[in-house]
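Following the hints, position chain B against chain A.
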Amino acid sequence: MIDLRAITFAYRDQTPLFDKFSLTIVRGEIMAVIGPSGCGKTSLLYLLAGLYRPRRGDIQIDGAPLARPRPETGLILQDHGLLPWATVKANAALGLKVRRFYGPDGKHAPRDYEIDSGLGHQKVQYWLQRLGLEDLQDHFPGQLSRGQRQRTAIARTMTLDPDVLLMDEPFSALDAPTSDRLQQLVLTLRHESDLTTLIVTHRIEEAVRMGDRILVLARDTNRQPHIIVNPCSRAADAPQDAAFSRQCGNIRSLLEDLT
Amino acid sequence: MKPARPLVSFLTGVGMFLLLWQLAAWLLDRPILPTPVVVVPLFLRSIVGELGLHFLASGGRVLAAILLAVMTAVPAGLALGQLPALNRLFAPLIAILYPIPKIVLLPVIYVLMGITDLSKIFLIALIIFFQIMVVVRDEAAGLHHDLLMSVRSLGAGRRALFRYVYLPASLPAVLTALRVSIGTAVAVLFIAEQSLTTWGLGYYIVVETYQVLLYPQMYAGILGMSTLGLLLYFVVYALERKINRHRHLTGDQTP
Numbered sequence: 001m002i003d004l005r006a007i008t009f010a011y012r013d014q015t016p017l018f019d020k021f022s023l024t025i026v027r028g029e030i031m032a033v034i035g036p037s038g039c040g041k042t043s044l045l046y047l048l049a050g051l052y053r054p055r056r057g058d059i060q061i062d063g064a065p066l067a068r069p070r071p072e073t074g075l076i077l078q079d080h081g082l083l084p085w086a087t088v089k090a091n092a093a094l095g096l097k098v099r100r101f102y103g104p105d106g107k108h109a110p111r112d113y114e115i116d117s118g119l120g121h122q123k124v125q126y127w128l129q130r131l132g133l134e135d136l137q138d139h140f141p142g143q144l145s146r147g148q149r150q151r152t153a154i155a156r157t158m159t160l161d162p163d164v165l166l167m168d169e170p171f172s173a174l175d176a177p178t179s180d181r182l183q184q185l186v187l188t189l190r191h192e193s194d195l196t197t198l199i200v201t202h203r204i205e206e207a208v209r210m211g212d213r214i215l216v217l218a219r220d221t222n223r224q225p226h227i228i229v230n231p232c233s234r235a236a237d238a239p240q241d242a243a244f245s246r247q248c249g250n251i252r253s254l255l256e257d258l259t
Numbered sequence: 260m261k262p263a264r265p266l267v268s269f270l271t272g273v274g275m276f277l278l279l280w281q282l283a284a285w286l287l288d289r290p291i292l293p294t295p296v297v298v299v300p301l302f303l304r305s306i307v308g309e310l311g312l313h314f315l316a317s318g319g320r321v322l323a324a325i326l327l328a329v330m331t332a333v334p335a336g337l338a339l340g341q342l343p344a345l346n347r348l349f350a351p352l353i354a355i356l357y358p359i360p361k362i363v364l365l366p367v368i369y370v371l372m373g374i375t376d377l378s379k380i381f382l383i384a385l386i387i388f389f390q391i392m393v394v395v396r397d398e399a400a401g402l403h404h405d406l407l408m409s410v411r412s413l414g415a416g417r418r419a420l421f422r423y424v425y426l427p428a429s430l431p432a433v434l435t436a437l438r439v440s441i442g443t444a445v446a447v448l449f450i451a452e453q454s455l456t457t458w459g460l461g462y463y464i465v466v467e468t469y470q471v472l473l474y475p476q477m478y479a480g481i482l483g484m485s486t487l488g489l490l491l492y493f494v495v496y497a498l499e500r501k502i503n504r505h506r507h508l509t510g511d512q513t514p
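Taken in order, these protein sequences are the chains called A and B.
Numbering of the first sequence is given in our numbering, commencing with residue 1 and proceeding in unit increments.
Numbering of the second sequence is given in our numbering, commencing with residue 260 and proceeding in unit increments.
In case anyone wonders, no lab produced these hints; they're calculated from the structure.
Computed from a predicted model, the values in this text were never measured in an experiment.
Even for Gly, the Cβ is constructed at its ideal location relative to N, Cα and C.
Be aware that one or more of the hints could be misleading.
Ranges between beta-carbon positions, derived for each pair [said to hold, decoys possible]:
1) Asp135(A) / Thr375(B): 53 to 61 Å
2) Asp138(A) / Met330(B): 31 to 39 Å
3) Arg203(A) / Ile355(B): 50 to 58 Å
4) Ile355(B) / Met1(A): 53 to 61 Å
5) Pro177(A) / Gly272(B): 50 to 58 Å
6) Arg203(A) / Val267(B): 53 to 61 Å
7) Leu364(B) / Ala64(A): 51 to 59 Å
8) His403(B) / Leu258(A): 25 to 33 Å
9) Gly401(B) / Asp62(A): 36 to 44 Å
10) Thr259(A) / Tyr492(B): 54 to 62 Å
11) Arg181(A) / Leu345(B): 43 to 51 Å
Bound-form chain A, shown alone (with noise of 0.2 Å):
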């Protein structure tokens, strides 16, 4: 479970972006964020992956304090994610290296984890083979389409038995095929591992397909969450059904409404 527990939180100089702004995502949920641009969806993913800081307030994930970045957490960003001058295999592994690099201290990587690099390259070609990758893998990021690497990035989040998904834009700038395939991995590795997925978007179709809770943000400071509860998640193949138009109409006045 995530508690965000009345956080405070602005760049310099800058209107806060959240204040006094509590906030709880429950274990295994997928919640979807959206709002528009500079509401600081982004920010609040970099918040809980422990890369910001909170000026005031804190965040817990399972009643630890959040201080740095966790070993369990995972972070896909829209793009530029990957280390351009190595392979998809190498950049598949970096999570694991970074691991290996530190040895199990708690901090960089979880106290329990077993170092073994067998078991590591095991883990690499199994998301690599899953996610489609295994005949790209010695090609660079320059070569790949976005797709492919958005689920490279994906490949390299989940070689560390992540507990926690937080997710920038990961569907958009991508085609409505290859769109469709990542939003159904999502949904089905959360239903496998009982990840807690946090996504953020601005679209407000993939909010109500993604998500089982909505969070809206408001272009103003923050101060209190604006969640609506959606039924209508994982509705695959329904978005002319009514309740996911419904659902969409809903959020669409909110967003109107907060901004």
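What follows is chain B alone, placed relative to chain A:
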């Protein structure tokens, strides 16, 4: 590129160079320009003898200078690239020092550091230092914020970031800077070796051969110095090609 191409191109270049040299020697027809027919065999004979020792002395100095420059310039460049405040503080100073021809400091360095190999190595290292520091700084500063954040989210702290991101990101730039500064480094070596030493190609060319009018021997020395520059250039170039593989492979996109 086909694997045979660089070698073919290199040999063609050497062939054309020797041909032009031969023509020029015939046309000029004076002792100051002996023909390659005389010089090349002499070079090949003497490089396994005394000339070889001069070659090793010069080569050792350049390599030591490169090592010294890389070991100091890379950390300095990384620090400047990662800490904008530090960079803002030093940028004006670097902008002024960077274009100064470091060779003018030769007498100062001699007085301060003494007439040893160290002073020659230091001077050459100084030239390479600025080239490398500036490119490493720019590479480190130009890394995408999202890339750094992604790798940090995998658990990487400062040391792992250095090992897995900053170092591989700046290595190609270090090699490029080395490749372009090798010419200057060898030129400065030539000048620095003309005095206060008895070993080195600069000494051999100017003191041992030129001043006593041994022109064919002098040309053997010149060939030695050229070989040194060429060798270093191609070694760095080959490393660059190997490391930059991802930049040479782009097409082949599948949706």
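| request: Output the numbers, in ascending order, of every earlier hint that fails for this structure. | output: none
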